[in-house]
Amino acid sequence: MIDSRRAALLLLSIGVTASATAYADDGLRDRYVAASQQIGETMLDVIEDCAPDLDTSGIDFEYTERMVASVECVVETHIERFGRAETVALVEEVEAMADRTFSSLQEMATLQQDYPRLSDPAMLEINQDCGTVEASQDLPLSALMQDNMAKLAGCFSAP
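All residue numbers for the sequence shown refer to my numbering, where the first residue is 71 and numbers rise by one.
These are calculated hints, taken from the structure and not from any lab test.
Idealized CB from N, CA, C, for every residue including glycine.
Be aware that a few hints might be false.
Result set (EDC-like, lysine to aspartate or glutamate): computed pairs, CA atoms no more than 16 Å apart in a straight line [to be verified]:
hint	residue 1	residue 2
1	Lys221	Glu118
2	Lys221	Asp123
3	Lys221	Asp125
4	Lys221	Asp115
5	Lys221	Asp119
Distance ranges between label pairs, derived from CB positions [as the list claims (entries may be wrong)]:
hint	residue 1	residue 2	range
6	Pro122	Asp199	32 to 42 Å
7	Ser127	Pro191	30 to 40 Å
8	Arg151	Gly97	17 to 27 Å
9	Ala155	Ser227	37 to 47 Å
10	Asp169	Pro210	21 to 31 Å
11	Thr134	Thr171	21 to 31 Å
Please model the entire structure based on the sequences and the hints provided.
Following this line, the structure appears as C-alpha coordinates:
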(Lines of atoms letter the chains of each structure in order from A; the text may use other names.)
(Lines give C-alpha, C1' and ligand atoms only; values in the text may rest on other atoms or scores of the structure.)
Protein backbone atom coordinates (compact mmCIF):
# COMPACT_ATOMS: atom_id res chain seq x y z
CA MET A 71 0.00 0.00 0.00
CA ILE A 72 1.26 3.47 -0.85
CA ASP A 73 1.52 5.81 2.13
CA SER A 74 -0.58 9.01 1.89
CA ARG A 75 2.27 11.52 1.55
CA ARG A 76 4.07 9.50 -1.13
CA ALA A 77 0.81 9.02 -3.00
CA ALA A 78 0.03 12.74 -2.78
CA LEU A 79 3.45 13.64 -4.20
CA LEU A 80 3.00 11.06 -6.93
CA LEU A 81 -0.40 12.48 -7.79
CA LEU A 82 1.00 16.00 -7.87
CA SER A 83 3.77 14.78 -10.13
CA ILE A 84 1.23 13.12 -12.43
CA GLY A 85 -0.91 16.22 -12.49
CA VAL A 86 2.04 18.46 -13.09
CA THR A 87 3.53 16.22 -15.74
CA ALA A 88 0.15 16.03 -17.39
CA SER A 89 -0.10 19.80 -17.46
CA ALA A 90 3.19 20.61 -19.22
CA THR A 91 3.08 23.46 -21.75
CA ALA A 92 5.50 24.96 -24.25
CA TYR A 93 5.45 27.99 -26.48
CA ALA A 94 7.50 26.05 -29.01
CA ASP A 95 4.51 23.83 -29.81
CA ASP A 96 1.14 25.38 -29.01
CA GLY A 97 -0.71 22.28 -30.22
CA LEU A 98 1.08 20.02 -27.77
CA ARG A 99 0.69 22.61 -25.03
CA ASP A 100 -3.03 22.89 -25.58
CA ARG A 101 -3.48 19.13 -25.60
CA TYR A 102 -1.46 18.78 -22.39
CA VAL A 103 -3.49 21.50 -20.72
CA ALA A 104 -6.81 19.94 -21.69
CA ALA A 105 -5.74 16.50 -20.47
CA SER A 106 -4.33 17.97 -17.27
CA GLN A 107 -7.55 19.79 -16.52
CA GLN A 108 -9.53 16.62 -17.14
CA ILE A 109 -7.30 14.67 -14.74
CA GLY A 110 -7.62 17.43 -12.14
CA GLU A 111 -11.40 17.44 -12.47
CA THR A 112 -11.51 13.66 -12.00
CA MET A 113 -9.24 13.97 -8.95
CA LEU A 114 -11.55 16.61 -7.52
CA ASP A 115 -14.59 14.37 -8.13
CA VAL A 116 -12.89 11.55 -6.18
CA ILE A 117 -11.99 13.94 -3.37
CA GLU A 118 -15.54 15.30 -3.18
CA ASP A 119 -16.98 11.76 -3.09
CA CYS A 120 -14.46 10.63 -0.48
CA ALA A 121 -14.54 13.72 1.73
CA PRO A 122 -17.82 15.55 1.02
CA ASP A 123 -17.35 17.90 3.97
CA LEU A 124 -14.36 19.63 2.32
CA ASP A 125 -15.00 23.04 0.80
CA THR A 126 -13.93 22.67 -2.83
CA SER A 127 -15.69 25.80 -4.09
CA GLY A 128 -12.41 27.68 -4.64
CA ILE A 129 -10.77 25.01 -6.76
CA ASP A 130 -9.93 25.95 -10.32
CA PHE A 131 -7.40 24.61 -12.76
CA GLU A 132 -5.77 27.83 -13.97
CA TYR A 133 -1.97 27.97 -14.01
CA THR A 134 0.14 30.44 -12.09
CA GLU A 135 3.05 32.14 -13.88
CA ARG A 136 5.47 29.95 -11.93
CA MET A 137 3.58 26.83 -12.99
CA VAL A 138 3.51 27.92 -16.62
CA ALA A 139 7.28 28.48 -16.57
CA SER A 140 7.97 25.10 -14.99
CA VAL A 141 5.74 23.14 -17.32
CA GLU A 142 7.15 24.92 -20.37
CA CYS A 143 10.53 23.74 -19.15
CA VAL A 144 9.24 20.16 -18.91
CA VAL A 145 7.98 20.04 -22.48
CA GLU A 146 10.99 21.83 -23.94
CA THR A 147 13.38 19.58 -22.03
CA HIS A 148 11.47 16.47 -23.12
CA ILE A 149 11.62 17.57 -26.76
CA GLU A 150 15.35 18.32 -26.45
CA ARG A 151 16.12 14.95 -24.86
CA PHE A 152 13.76 12.66 -26.72
CA GLY A 153 12.56 14.51 -29.84
CA ARG A 154 9.21 15.82 -30.89
CA ALA A 155 7.78 12.44 -31.93
CA GLU A 156 8.44 10.99 -28.47
CA THR A 157 6.93 14.09 -26.85
CA VAL A 158 3.83 13.67 -29.01
CA ALA A 159 3.64 10.07 -27.76
CA LEU A 160 3.93 11.38 -24.19
CA VAL A 161 1.02 13.78 -24.80
CA GLU A 162 -1.01 10.90 -26.19
CA GLU A 163 -0.35 8.90 -23.02
CA VAL A 164 -1.49 11.83 -20.87
CA GLU A 165 -4.65 12.11 -22.96
CA ALA A 166 -5.29 8.38 -22.62
CA MET A 167 -4.84 8.60 -18.87
CA ALA A 168 -7.20 11.59 -18.73
CA ASP A 169 -9.89 9.51 -20.46
CA ARG A 170 -9.75 6.85 -17.76
CA THR A 171 -11.85 6.91 -14.65
CA PHE A 172 -10.76 5.96 -11.16
CA SER A 173 -12.51 5.74 -7.83
CA SER A 174 -9.65 6.42 -5.41
CA LEU A 175 -6.48 8.46 -5.46
CA GLN A 176 -4.49 5.28 -4.94
CA GLU A 177 -6.04 3.84 -8.08
CA MET A 178 -5.08 6.99 -9.96
CA ALA A 179 -1.50 6.74 -8.70
CA THR A 180 -1.26 3.17 -9.92
CA LEU A 181 -2.71 4.10 -13.34
CA GLN A 182 0.52 5.91 -14.12
CA GLN A 183 2.23 2.51 -14.32
CA ASP A 184 0.12 1.79 -17.42
CA TYR A 185 1.83 4.68 -19.19
CA PRO A 186 5.56 4.00 -19.49
CA ARG A 187 6.48 7.51 -20.65
CA LEU A 188 4.82 9.05 -17.60
CA SER A 189 6.42 6.60 -15.18
CA ASP A 190 9.87 6.78 -16.78
CA PRO A 191 12.50 7.92 -14.24
CA ALA A 192 13.62 10.49 -16.81
CA MET A 193 10.25 12.25 -16.41
CA LEU A 194 10.72 12.45 -12.66
CA GLU A 195 14.16 13.94 -13.25
CA ILE A 196 12.80 16.47 -15.76
CA ASN A 197 10.02 17.46 -13.37
CA GLN A 198 12.54 17.88 -10.59
CA ASP A 199 14.91 19.93 -12.75
CA CYS A 200 12.04 22.16 -13.89
CA GLY A 201 10.62 22.68 -10.38
CA THR A 202 7.16 21.43 -11.22
CA VAL A 203 6.40 19.97 -7.81
CA GLU A 204 7.35 23.25 -6.13
CA ALA A 205 5.32 25.24 -8.67
CA SER A 206 2.32 22.97 -8.16
CA GLN A 207 2.20 24.03 -4.52
CA ASP A 208 0.58 27.27 -5.73
CA LEU A 209 -2.37 25.44 -7.28
CA PRO A 210 -5.66 25.30 -5.35
CA LEU A 211 -6.07 21.52 -5.72
CA SER A 212 -2.56 20.93 -4.33
CA ALA A 213 -3.24 23.23 -1.40
CA LEU A 214 -6.55 21.48 -0.70
CA MET A 215 -4.83 18.10 -0.65
CA GLN A 216 -1.93 19.23 1.52
CA ASP A 217 -4.14 21.09 3.98
CA ASN A 218 -6.47 18.12 4.40
CA MET A 219 -4.21 15.06 4.38
CA ALA A 220 -5.87 13.54 7.43
CA LYS A 221 -9.34 13.83 5.90
CA LEU A 222 -8.10 12.52 2.57
CA ALA A 223 -6.20 9.50 3.93
CA GLY A 224 -9.14 7.23 3.12
CA CYS A 225 -9.17 8.49 -0.46
CA PHE A 226 -5.84 6.77 -1.02
CA SER A 227 -7.21 3.32 -0.30
CA ALA A 228 -9.06 1.18 -2.76
CA PRO A 229 -12.87 1.57 -2.70
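Hint-by-hint comparison with the structure:
1. Lys221 with Glu118: Distance of about 11 Å is within 16 Å: holds.
2. Lys221 with Asp123: Given that 16 Å is the threshold and the Cα spacing comes to 9 Å, the pair holds.
3. Lys221 with Asp125: holds, 12 Å
4. Lys221 with Asp115: Between Lys221 and Asp115 the Cα gap is close to 15 Å, so the pair holds against 16 Å.
5. Lys221 with Asp119: holds, 12 Å
6. Pro122 with Asp199: 32 to 42 Å: Roughly 38 Å apart at Cβ, these two residues keep to the hinted range, so it holds.
7. Ser127 with Pro191: 30 to 40 Å: For Ser127 and Pro191 the Cβ distance comes to about 38 Å; the hint holds.
8. Arg151 with Gly97: 17 to 27 Å: Since the Cβ atoms of Arg151 and Gly97 sit about 20 Å apart, the hinted range of 17 to 27 Å holds.
9. Ala155 with Ser227: 37 to 47 Å: holds, 39 Å
10. Asp169 with Pro210: 21 to 31 Å: holds, 23 Å
11. Thr134 with Thr171: 21 to 31 Å: holds, 28 Å
Comparing the model with each earlier hint shows no violations; every hint is respected.
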